[in-house]
Every structure is written in structure tokens, then in C-alpha cells.
Amino acid sequence: MIKIISFISLDNIVKAYNEKIILHHINLEIVNNQFISIKGPSGVGKSTLLNILAGLEKADSGKYILDCIEMHAQNLNELSEIRGSRIGYISQYNPMIRNLTVRENIVVPLLLGNYNQKQITAYIDELSACLKINHLLDKKIDKLSGGERQRVGVIRALIKKPILLIADEPTGSLDDDTTILVFHLFKRLSESGTTIVMATHSHLSSQYADKEYRMSPEGIFLNVQTVGDM
Amino acid sequence: MNTARLLLKNKKWFMLLIGLLSFLFSVVLFVLLVNINISKIEIHSASKLHNYNIYQITDNLIGEREIEFFKDVKNYDILHDFNNRVFENSKVVFYNAVSQPVGLKQYPPDKKFAAYYEVGSNNDLYEYDGEFYQFSKSMQVTKSVFDYNVVELMEGQPFDDSAYVYIAGKNEIPVILGSDYRQYYKLNDQLELHYYYEKFVGRVVGFAKENSFIFTNLEPQQVLNRYILLPSMSLSEQPSKLLQKTEVDEIFFRALLLSNMGGYLMTNLNALEVRKEVADIEKVTNFTDYQIIGANSLSVNLLYKMVDANQTLIYTISSVVFIFSLCAFYLFVKSFIKRQFDTYLVYIMSGVTNNKIKKTIQLEFSILNGISIGLALLCTVLFMQDITLLSILLISGFLVWLLFHVVVYILVNQLLATTNIIEKLKGD
Ligand SMILES: Nc1ncnc2c1ncn2[C@@H]1O[C@H](COP(=O)(O)OP(=O)(O)OP(=O)(O)O)[C@@H](O)[C@H]1O
Ligand SMILES: [Mg+2]
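Residue numbers (full-length UniProt numbering), protein chains in the order written: chain W, 1 to 230; chain F, 1 to 428.
Quick caveat, the hints were computed from the structure, so don't treat them as lab data.
No residue lacks a Cβ here, since even glycine has one placed at the ideal position from N, Cα and C.
There's no promise every hint is true.
Derived DMTMM-like pairs (lysine to aspartate or glutamate); straight-line CA-CA distance at most 20 Å [stated by the list, open to error]:
no., chain 1, residue 1, chain 2, residue 2
1, W, K15, F, E423
2, W, K211, W, D67
3, W, K143, F, E247
4, F, K359, W, E104
5, F, K105, F, E210
6, F, K338, W, D125
7, F, K12, W, D142
8, F, K91, F, D77
9, W, K118, W, D142
10, F, K359, W, E78
11, F, K283, F, E127
12, F, K358, W, E81
13, F, K245, F, E172
14, F, K358, W, E57
15, F, K12, W, E104
16, W, K140, F, E192
17, F, K186, F, E210
18, F, K11, W, D142
19, F, K356, W, D67
20, F, K143, F, E88
21, F, K143, F, E118
22, F, K11, W, E104
23, F, K186, F, D147
24, F, K283, F, D59
25, F, K358, W, E78
26, W, K139, F, D160
27, F, K424, F, D289
28, F, K71, F, D81
29, W, K58, F, E423
30, W, K15, W, E29
31, F, K356, W, D142
32, F, K199, F, E88
33, W, K20, F, E423
34, F, K199, F, E273
35, F, K424, W, D67
36, W, K161, W, D142
Examples of chain W residues lying across from chain F (beta carbon under 10 Å, computed) [unchecked claim]:
no., residue
37, T48
38, C130
39, N134
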């Protein structure tokens, strides 16, 4: 039997806050170029799991390997560096820098390194057209609605063309039509080389995700329905 | 896009406000410190002798004011009272060595004794009451002059205490002559003097050793060889009474009183204390037309006013402002960091470490506070026109900087704790 080398491998991940265990022995294998969605009741630990994947926090125990890097063995500083170079992260909270325009907010991740102005402008235009906020690019971020801001957050996470996109409820404030735009974009990106792990409550995700997992206090399980679809 | 500009865009006013606050805080602290350190102030304009601080006291009775002042006989008594109290004050030594030409009838032929010989004047001879006098070099000295200078006599006796007192009807004054007079006069010779518009007999009681010198208001080392030393006389009783008792013209008393008032105050007191001491005398005697040079620089004036106003009030206000500023600084920085919190989250999401953000914030505030405190220091020093407290101010400035640094450090670590950030990112 051929052993598939996973892009992401979680082995017995445990995470507790103040002695309250949130993640019990999570095991998960994700191959690359996939669009994964995770569902589950509020408070079950989806965001916690995604934060661990994004290297924002560390599991109490267990192994996490990303693209052959032993993430569990890195400290938070090293994890930040890895996040900066390879991981796009969409936060459930979706922070923005006020007083800046949409465009300025989008390029913040790039300020940490050098980037090609022309190429980037084209890419921003492409992504924002795709999510239908291209007419808002030069507006102040404070003037945008929650849904518009959420799409800015999506574009910001993609601007560095990460190999892994962690998306924590990226469509929470979006209507179904707009949600579909985002999922559609994710689908396309995953096909062209970005692995996407998304937590969502949206009922539309199953139509776009390659795999859908269900999280419960007992653990994380592949959603049989989706498996059936495949 | 310029990173710095982009980031500054978000916070320049806040930064300015915080900078201003730490500036004000420092200024208040510095003023407080200067206040506390008053006792240590040594004013650079005051020279030193035998570890004493030396201040000059002079009258402000110039021209019209003098005429106006002496119109009232009561004022003679007031000035007399003032002089006496300054003279008798145990905390200050009154020192006066004033060069005051005196008319000498039996003047020696050698012109070098003439008062204005060195400046080439030929008008030293004058006629009074049908007789010729020569303005001769003379020094009017207080007893303290002999205490603070080494004036040895080659012959005779120093002035005894009674020499320094003018009593009604007195017309003999003991004189000590400079060594150059020795070839013309001998002990107990009687010189006819014309002194402050009155005729006196100067009895030679001694000769100073050659090259004896004293310090005067004009010269740090005035050689006495060509001088006639006269005792600086205080009045035995109130001038108003003396005026009634004697034929002596009031102009004599006026001159005597004024020459007794101007001179040096040698003391261990600092500038502020000496002002206070004399101000107390001023209050009792009602004589206000004087100033103390060396104790009236801008800083001393300012401090004197503050102390005079009410020291405890100053301390209270300063402490309140101090505590208020510290609290305000704490709250400002706290609200600044909270305001910027989302910005920090964006950076963290983009791969900046939490530690780096904390360090950057601390660095920003260190620089900001450094500049503000530095400016405050500069302003304080410039305003005080005094660098004697510079080292204390520098140290305290550094301590303020450190204090603010600690405040920022605590806030940064409190507000930007990793758990706070993580929790926030998971949704509000
Ligand atoms: N930093 C933290 N400190 C303490 N408790 C935490 C922390 N982060 C998460 N928790 C707790 O862990 C549990 C899981 O939180 P998490 O945000 O991962 O859930 P979730 O599945 O993303 O929920 P939702 O669907 O509402 O976003 C919650 O009970 C939460 O209160
Ligand atoms: Mg969540």
C-alpha cells in the first residue's frame, strides 16, 4: 500500500484552557491542494484548532506537521515566521486598521517584506473584482459594512499567495450569494495549489469543500454525507 | 507605500498628546525638584570667600527717589534701623570697604595720593571754607574688613570698637594710613579732613604694612599703600535725634546712612535664605528700597516668589499634578494600546511575533518620552538660567523616563498577553 504523505498531519493534539480540555486527542490528515471545511457547534473548539494550525498558539501535546515542518517543535516566534511566509489567516474577529483605506489594509502583510507594486495592484484588482468589492478599494475601512470588511479580510489573507489558508468563519456576515463568491474563490485557489482549512456554519460549504469534517466534544470526524458525494 | 507613514497616520495625534503629557509631567517634576533642592542652590554669581557665599546689598535710592526719600526725617530713622538690623544679624556678616575720597588739608606733595591721580585728573584740589583740600584716596571700612583680610600694621593699633560709632559732637576720627604715608606723617598726627561735607580731625592710629591689601566692591585685591583708612561709622542713636542735637548738616547723615547700607553680605546662607533673612528685616523696618545682587537672578527670584507664596501649597499642587499626570499617562497609553489593538492583531496574523510588537511599542514610547523629557529638561534649565542642578535634573529625568518605561512595560505585557490576542482572534 502506498503511504500518502500528508500536507498537514495532526497526531493526538490536546489543548486545554484552565484545566478544561477543549481538544481531546485530535487526529487529522490533510493532503495538499484540498479545500477542507470544519463544522461543529459553537464553543467546540474550531477556532482553537485553526489557531493551532496557523501557528498562533501551540497544542499542549501531540504532533503537528505542516509541509514536512515539525510545527509542534517550533516556538511561537518561529511559528510566526512560518505563518508570515506560508500561511494566510482569516480571523473570526476580522481586525482592520482604522484610518487606512481598504487597499492599504489589504497590503499590510506585504509591508513586512518586499513586493512588486504593479503585480500586487493587479492581483488586488483581480481578487476584489472576484468578491465584488473592487469599487470600495480606495474608501476608508471604517465606511464599510461588516460583510464588505469580511471580504477585505479574505483578500488580505490571500495577498501573499500562501500555500495554506486558514479561514475561521470567513462568511459569517455574508448573504448566501456572496458566500458562494467566497467559496467559489476558495475552490479555485485550492485547485491551483492552496490548501484551505475553513471553519464555518454555512450550509453551502458542503457544495464546495473537498472534504467536510464535523467537530464534536468527542473529536473530529469526516462527514459521511460529503464522503458519499465524492 | 511608505510603511512608517502608513503606521504614523493612525496615531500621530495620540502620540503628540502623550508626548505633551510626559513633557508637562517632567516640567512639574523638575520644578518640584528644584524647589526641594533650594537649600542646595549655590548661585554662580555669588563669589566665595572662606566658604562663604557673598552677596551685595545696594540701595535703590537713585536721583529723585533719594531726594523724595530723605524729605521725611522719619525715613532717616527707618534706614538707620534697617542698617542696624542687617549689621546685627547673626547669620550674615556685613562687609563694606568702599573707596570714598576724603578731603585732606595737609596733603603730601606727591600726587599719587590724590584720589584721581591714576585717571590723570588735575581737579583734586578744591577750596572749602577758605582752605585748600585735596581729594585723597581713602577707604571706608567696616570692622569685618579686618576680620576677613590680613591687614597687619607696622606701627600703631587697629581701630577700637568705639571708632565705628558716630556719637553726637564727635569730630575726631581715628585713621590708619597706608605705608606710603609713613614718610610724611607719624603716629598721633592730626589730619584735617573734609569728610561727607563735614570737617573732622583724623588722628593717625596706625600704619598698614607695605602692600597690605583688602577686597573691595571694585577690586579683589586693593593695595592700601596710598590710602587713608577710615572706620565706617554707624550712628549711636536715631538720626532724627542726632539732627536735633548737632549742628551737623543732614547731608552728612544721609551720606553715612547710604554708605552704611551698601556693601557685602557674607554668609553661609544660600541666595534664597539670604533674601528671606533680609526680607524679614524689611518687614520689621519698612525699608524696601534695596536689592541683593547675586541673589536676584531669575531663578532665585522665581523660587523666592514661590517659596514666599507658600511652600506647602506648591508641594501640594505639584504632588497632585504629579500623580494626576502619572495616572493620565497610564490611562492614555492604555487607551492608545487598546485603540491600536486591532492593528497589532493584523500584524500578528501577518506573521509578526507578539514579542516584536511589544518591543516596538516600548521603543516608540522610550523615544517619545526621551524627547519630551529632554525638551522639558532643556526648558527648565533655560528658564532657570542655572545649571547648578543639572546633574540632579538629569538623573531625575532619567528616572522619569524609567518610570514611564515601566508603566509602558506593564501595560504592554498586560494588554498584549498572548492569551488576550488569541482569544480576540477567535471572535468577540
Ligand atoms: N485563550 C483562551 N482562554 C481560555 N479559554 C478559551 C480560549 N480560547 C478559547 N477558549 C474556550 O475554548 C472553547 C472553544 O473555543 P473556540 O473559539 O475554539 O470555539 P469555536 O468552535 O470556534 O466556537 P464558535 O463557533 O463560536 O466560533 C470555548 O469554550 C472558549 O471559551
Ligand atoms: Mg470560532
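Results of checking the hints against the structure:
no.	hint	result
1	W:K15 to F:E423	holds (14 Å)
2	W:K211 to W:D67	holds (19 Å)
3	W:K143 to F:E247	violated (99 Å)
4	F:K359 to W:E104	violated (24 Å)
5	F:K105 to F:E210	violated (24 Å)
6	F:K338 to W:D125	violated (32 Å)
7	F:K12 to W:D142	holds (18 Å)
8	F:K91 to F:D77	violated (23 Å)
9	W:K118 to W:D142	violated (26 Å)
10	F:K359 to W:E78	holds (17 Å)
11	F:K283 to F:E127	violated (44 Å)
12	F:K358 to W:E81	holds (16 Å)
13	F:K245 to F:E172	holds (17 Å)
14	F:K358 to W:E57	holds (17 Å)
15	F:K12 to W:E104	holds (17 Å)
16	W:K140 to F:E192	violated (100 Å)
17	F:K186 to F:E210	holds (15 Å)
18	F:K11 to W:D142	holds (16 Å)
19	F:K356 to W:D67	violated (26 Å)
20	F:K143 to F:E88	holds (13 Å)
21	F:K143 to F:E118	violated (28 Å)
22	F:K11 to W:E104	holds (16 Å)
23	F:K186 to F:D147	violated (25 Å)
24	F:K283 to F:D59	holds (16 Å)
25	F:K358 to W:E78	holds (17 Å)
26	W:K139 to F:D160	violated (97 Å)
27	F:K424 to F:D289	violated (72 Å)
28	F:K71 to F:D81	holds (17 Å)
29	W:K58 to F:E423	holds (13 Å)
30	W:K15 to W:E29	holds (18 Å)
31	F:K356 to W:D142	violated (27 Å)
32	F:K199 to F:E88	violated (29 Å)
33	W:K20 to F:E423	holds (15 Å)
34	F:K199 to F:E273	violated (41 Å)
35	F:K424 to W:D67	violated (28 Å)
36	W:K161 to W:D142	violated (26 Å)
37	T48	holds (7 Å)
38	C130	violated (21 Å)
39	N134	violated (19 Å)
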